[in-house]
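*Asks:* Take a look at the letters that make up each chain.
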Amino acid sequence: MNVATHRVPHPTPAVSTTKINDLVLKIATANGSGSQSANLILMRAIFHMGIPVSSKNLFPSNIQGLPTWFTIRANEDGWIGQKTNVDVLIAMNAETAAQDLADLHPGAIVIINEALKRFVVRTDLTVFTVPFSKLVEQVCEDTRLRKMVANIIYVGVAAFLLYIEMDEVRNAITTQFARKPKAAKLNGDAAALGYSWAKEHLEEQSVCRLRRTNKTKGNIIIEGNEATALGALFGGVTFVSWYPITPSSSFAETLSYYLEKYRRDPDTGKATYAVVQAEDELAAIAMVVGAGWAGARAITGTSGPGVSLMAELAGFSYFAEVPAVIVDVQRMGPSTGLPTRTSQGDIAKAYQLSHGDCKHILLIPGNIRECFEFAGEALELAESFQTLVLLMTDLDLAMNKWLSEPFDFPNKLLARGKVLTAEDLGQDGSFARYRDVDGDGIPYRTLPATNHPNAGYFTRGTGHTESAGYTEDPVQWHNNLDRLAKKFDTARDRVPRPVIELVPRTKTGIIAYGSSDLAVREARRLLETRHELASSYLRLRALPVNHEVHDFIAGHPVVYVVEQNRDAQMASILRSEYPELAPRIRSVLHYNGLPIDAETIVSQIVDRQTSKEIKP
Amino acid sequence: MTTVMTDPLPTAPRDPKANRLGLVLKEYQGAESTLCAGCGHDAITSSIVKAFFEMGVEPYRVAKLSGIGCSSKTTNYFMGQAHGINSVHGRMAAVATGASLANRVLVSIGISGDGDTASIGLSHFLHMVRRNVPIIYVIENNGCYGLTKGQFSATADRGSVKKGGLVVNQSLPIDCCALAIQMGCGFVARTFSGDTKQVRTLLKAAIAYRGTAVLDIVSPCVTFNNHEGSTKSVAYARENEDPLHEIGFVPHYEQITVEYDSGTTKVVEMPDGSTITLSKLDHDYDSHDRIRALALLDKAREELLFYTGLIYYNGAMAPLDQQMNLVDEPLATLPESRVRPSRETLAEIMESFQ
Ligand SMILES: Cc1ncc(C[n+]2csc(CCOP(=O)(O)OP(=O)(O)O)c2C)c(N)n1
Ligand code: SF4
Ligand SMILES: [Mg+2]
Chain A
1 MNVATHRVPH PTPAVSTTKI NDLVLKIATA NGSGSQSANL ILMRAIFHMG IPVSSKNLFP
61 SNIQGLPTWF TIRANEDGWI GQKTNVDVLI AMNAETAAQD LADLHPGAIV IINEALKRFV
121 VRTDLTVFTV PFSKLVEQVC EDTRLRKMVA NIIYVGVAAF LLYIEMDEVR NAITTQFARK
181 PKAAKLNGDA AALGYSWAKE HLEEQSVCRL RRTNKTKGNI IIEGNEATAL GALFGGVTFV
241 SWYPITPSSS FAETLSYYLE KYRRDPDTGK ATYAVVQAED ELAAIAMVVG AGWAGARAIT
301 GTSGPGVSLM AELAGFSYFA EVPAVIVDVQ RMGPSTGLPT RTSQGDIAKA YQLSHGDCKH
361 ILLIPGNIRE CFEFAGEALE LAESFQTLVL LMTDLDLAMN KWLSEPFDFP NKLLARGKVL
421 TAEDLGQDGS FARYRDVDGD GIPYRTLPAT NHPNAGYFTR GTGHTESAGY TEDPVQWHNN
481 LDRLAKKFDT ARDRVPRPVI ELVPRTKTGI IAYGSSDLAV REARRLLETR HELASSYLRL
541 RALPVNHEVH DFIAGHPVVY VVEQNRDAQM ASILRSEYPE LAPRIRSVLH YNGLPIDAET
601 IVSQIVDRQT SKEIKP
Chain B
1001 MTTVMTDPLP TAPRDPKANR LGLVLKEYQG AESTLCAGCG HDAITSSIVK AFFEMGVEPY
1061 RVAKLSGIGC SSKTTNYFMG QAHGINSVHG RMAAVATGAS LANRVLVSIG ISGDGDTASI
1121 GLSHFLHMVR RNVPIIYVIE NNGCYGLTKG QFSATADRGS VKKGGLVVNQ SLPIDCCALA
1181 IQMGCGFVAR TFSGDTKQVR TLLKAAIAYR GTAVLDIVSP CVTFNNHEGS TKSVAYAREN
1241 EDPLHEIGFV PHYEQITVEY DSGTTKVVEM PDGSTITLSK LDHDYDSHDR IRALALLDKA
1301 REELLFYTGL IYYNGAMAPL DQQMNLVDEP LATLPESRVR PSRETLAEIM ESFQ
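If you read the protein sequences in the order shown, they are chains A and B. Under my numbering, residues 1 to 616 are what the first sequence spells out, in order. Under my numbering, residues 1001 to 1354 are what the second sequence spells out, in order.
Just chain B, same shape as in the assembly:
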């Protein structure tokens, strides 16, 4: 048996519908979506709204970052009070690296597409992961370029059929989860936009995590990649989703004592005191085993399997701002006295050039 104890709740009187900050769900919403009705990306947006609301993250502390694509547009559709930057195609991971170092109190969430991440931005994605930039990095993976009208992306499975049925993808897919694990990522998840409970739970755990958290979310493009022969369609995802475990999350501020059967449930203690619970379903899977995680993903790629869940977790790695030993305050707003060395220092340096 494992027992989980966490901090007491704040005791402010509250709107029954409000979160621990006294904010209601509406305050986590953004502009109205302009995506196609039924687009998987919109479902993810709703999950993000709920996850941040339920976690009680102050919207003003959130930085929303994205590249270009239908997916990247969605940062406008949640948390309207937060700052957002819809940057350029493929470079968001690098933009986020700069932003998160400029202000380490930010809670950064990056939204990207499979084109944005696995093609044009692949190198920045890998380098962001290996640096362990503190960010929740969401790949809204529809196997195609939605915004430019449905071309195959680099995550399309071999043998996938393009809309119209004439073109079959011959290239092997890039698996962003496998790459992330290889780059040392400590939080790697794959899920499905339609599995809103799992998406939300994973997002909440990602919010509690400090470091790069990669969420590869299969998110069907209902307009260009939702047909027979696509492995990223709604129907395909629903039929083939195979959860590795049932995921639960208890944030650090919730005082609950839960008893788990350690035979069926693995408890992951996060550095901030939050807890992820992974309850056994059909698989006996250990999210702490890197090699097994990679083997699983390899098998999934070969056999076109769609495993979802927390594929890999390791809470031991310091995020980039900690590695760099930055001052506690945001670099962005440090006063002159802390960022301009003294007159005497200049004199000393000048002397060294004489």
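Extracted from the complex, chain A is given alone in its bound form:
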């Protein structure tokens, strides 16, 4: 058969035990070896075969040399959350090969570099040995490029063994190297060589195969940081300041890229935005607060260590009532922690960031579309409520590739909040910056450079009267804090509502948020099929919570709160919000730096259910 036009199924039929379109493929390489392109090509080819697919890139905090693992999960039914049970391993890294092989379940398939053959000691695996170094010599003369090109060869080998269509591999290569035709040619040749070599030398396998279907039509593959950046772009952002930190940098970088491309005045070429790479996160949030005070729609992106530095200004934003948005892409631990591992460990800190009495609006996207939507929403709420809003994503959402429906164009006009113009002020001299005119706790503000003698006011962190005058009067201070609390209560029904799936007659509820969503949904299915445990599900999408959260907990005698942190941060917030419901709340906790997976949730819930509550 002519490899170049190969499209039809292989001659050997799938046997009845063959898993079709249900694959976890793990690729072990070294950081900086160029494997990322190869892995993306594989993923994209599977995506274009119509099979739902996602990937998790487990990479070290290092530019070159340390081990990295890329896991692709393809699943016809859309179960593409984290899964640790690997079907196929491509082992390219000597440093980790022994462990990578040891971790496999019996029956798994291994594609291994011939040079690493010595690591194969198990007999319960299906092993395909490939002489990558010899093969690469055939297509690549430049010795410096060989390591990289060898990676593309495994794409061809995997395509043969897993029935990935070579046409789609070629298309993916063309896309990947769109701006480098030479590289496209070299990589295309390498993939074809891998495929033809495998076809000639390897036996077909019937453990798991991929087959064209139609489940991804019109969909996109995108990272959370890209989605968040686009959300800010279409949310009318005008000011960005940031300081580089993994895993948030690509948010600001992507946003800068699109601003440069789409937000220059068509007539003059002048910018309708400003981006400043700040000297640190203290400056980044200070600039955002300055810009927000002056009326810009302003945003910064950071991760835990940066959020800590932003704490003082966060309180200022809350108390002086200046709009600001922080995108917190959560990662593991303090200081360096595990900077390239995911976590939901900033929830409690972010909720009360700063000193004194502070409570902030948190938006918590649970999928990639919400990363887009909530970025715009965060800008909107910050201006509407004249306060700090934190958009809480995490490394898993932000830096991994996710399948998504394309994003919808925002369906409402930009709202700029209660801003009084010179015309609004008119003859009326009664403007008082911190007066609760509408009874919702949200006062009116004016922007600097409003041409009216009553427009100016003095913004300060110190005690202030309704008309922004200085005061240390206890009653005024107290009243102002109460108004701020009222404003926060107004927000309860203005932030994205929880998504609720009620199952009649079940006693068990699950509450989760953020990137845990896919794993939770898969876990619910497993609980039901394996353990006959049906569960209702509430996905929190924001803080503060509203009455629906209360009613959900009240409606279920047992409620599991699933989170990716050690200290049950959201459960604590819910317990203090509803002390009378606290005894119902149990925690499912996952905090090893890897994205949460369904099996972890299932096993913790099964362990915690009493025998009366569950069939084993």
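Just so you know, these hints were derived from the structure itself, not from any lab. Errors might be hidden in some of the hints.
Stated by the list, open to error - Going by beta-carbon spacing under 7 Å, a handful of chain A positions derived as facing chain B:
1. F239
2. Y262
3. K270
4. G290
5. F409
6. V437
7. D440
8. G441
9. Y444
10. R460
11. W477
12. N479
13. L481
We treat Cβ as the ideally placed atom computed from N, Cα and C, and that holds for glycine.
With chain A held as given, fit chain B with the ligands onto it using these hints.
*Replies:* Only chain B with the ligands this time, still in chain A's reference frame:
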């Protein structure tokens, strides 16, 4: 001989005490000061009021920004009609960076202290200067932390004695003017709160300047740092002030023709058409010479000299908003049509992710 010609005056009938906008001095004042009687900062506040009044700046266009300290409080004491923000300790330079980009028609004035600028906020100060944020940045320098009761600040000279006479400062001072010059600042001045004429003239020139204008104003703390052994006391400043030149300023809108003796007076033409004149006193100083300016400041630091005047001027640098090529209108109030790309653009982007 150098001849200076400038634009004609607007011809509105006016209150004899009013400025070119028809506003009187009172309209440039703010809340009553709560600082200690005799505090240098209050003198600076008065100079600011007069400078903005005399320049005829619309108060509504002014943004007053500050950090924390007695000095930072003073933004409340001038131009009550303007918006002010008393932010947090040390971060005002960054707050101002955001505000000035959000609205480029603002005339920003930042008031800081030596603690606020030279210690906790030093990095933001330097970065603001190197970006050339358009702002008049005033450091009310009293060599101590007034608001927290008189600890030494980083601008206290080596050998300065603390109130009570027991503690002597051993560390070298940070010279904000030298740092500003090194960071590329095009308008660097040092002056003394008590030299109200010089302060006012420099402020007026700073108002006409577009970019970061740094004014390091020695401003005695009469409560904590006004004793024998302090190099920031009223008496010390009065005795030791050594003006580099006599400064004059002619704003662009004043139509006067003045003749200067080019042997004794240097004329600095500003991009907006205003003019600074620097008339020779005891020194033959050239404010355009960066290296000489730095050498002068170094000498001043070594020998505890208190030179005042326009230490360095260079009008050639584009302010940050120009560097960024921002649209003419304030970013803050751009309509939706200009800040949200079209539906088609989103479709195009979505396609690129397929
Ligand atoms: C983060 C923080 N740390 C410390 C303080 C306490 N504090 C207030 S003002 C000040 C020093 C002010 O000195 P300076 O800027 O020189 O102003 P001055 O009072 O001398 O005019 C300090 C340390 C604070 N407000 N915030
Ligand atoms: S303590 Fe010093 S700096 Fe503060 S107001 Fe009094 S005199 Fe001025
Ligand atoms: Mg001071």
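*Asks:* Given R460 (chain A) was flagged as interface, is its beta-carbon under 7 Å from a beta-carbon of chain B?
*Replies:* At 4 Å from the nearest chain B Cβ, R460 (chain A) passes the 7 Å test, so the hint holds.
*Asks:* When the nearest CB of chain B is found for L481 (chain A), is that gap smaller than 7 Å?
*Replies:* Check failed: Cβ of L481 (chain A) comes no nearer than 19 Å to chain B, outside 7 Å.
*Asks:* Is the interface hint for G441 (chain A) satisfied, with its Cβ closer than 7 Å to some Cβ of chain B?
*Replies:* 22 Å, violated
*Asks:* For the hint on V437 (chain A), just tell me whether its beta-carbon gets within less than 7 Å of chain B.
*Replies:* 20 Å, violated
*Asks:* Should the hint that G290 (chain A) touches chain B count as held when the rule is a Cβ pair under 7 Å?
*Replies:* 3 Å, holds
*Asks:* With a cut-off of 7 Å, does the beta carbon of K270 (chain A) approach a beta carbon of chain B closely enough for the hint to hold?
*Replies:* Hint on K270 (chain A): holds, closest Cβ of chain B at ~4 Å, below 7 Å.
*Asks:* At a threshold of 7 Å, is the proposed contact between Y444 (chain A) and chain B supported by beta-carbon distances?
*Replies:* It is violated, given that the least Cβ distance between Y444 (chain A) and chain B is near 14 Å, above 7 Å.
*Asks:* Interface hint check: N479 (chain A), Cβ to nearest Cβ on chain B, cutoff 7 Å. Holds or violated?
*Replies:* Hint violated; N479 (chain A) Cβ to chain B Cβ min 21 Å, cut 7 Å.
*Asks:* Let me know if the C-beta of Y262 (chain A) comes in closer than 7 Å to any C-beta of chain B, holds or violated.
*Replies:* 4 Å, holds
*Asks:* Is the hint on F239 (chain A) kept, meaning its closest Cβ partner in chain B is under 7 Å away?
*Replies:* 6 Å, holds
*Asks:* Hint validation: W477 (chain A) versus chain B, beta carbon distance must be below 7 Å. Holds or violated?
*Replies:* 16 Å, violated
*Asks:* Against chain B, with CB atoms and a cut of 7 Å, does the hint on D440 (chain A) hold up?
*Replies:* 24 Å, violated
The structure is inconsistent with the numbered hints 6, 7, 8, 9, 11, 12, 13, although it conforms to all the rest.
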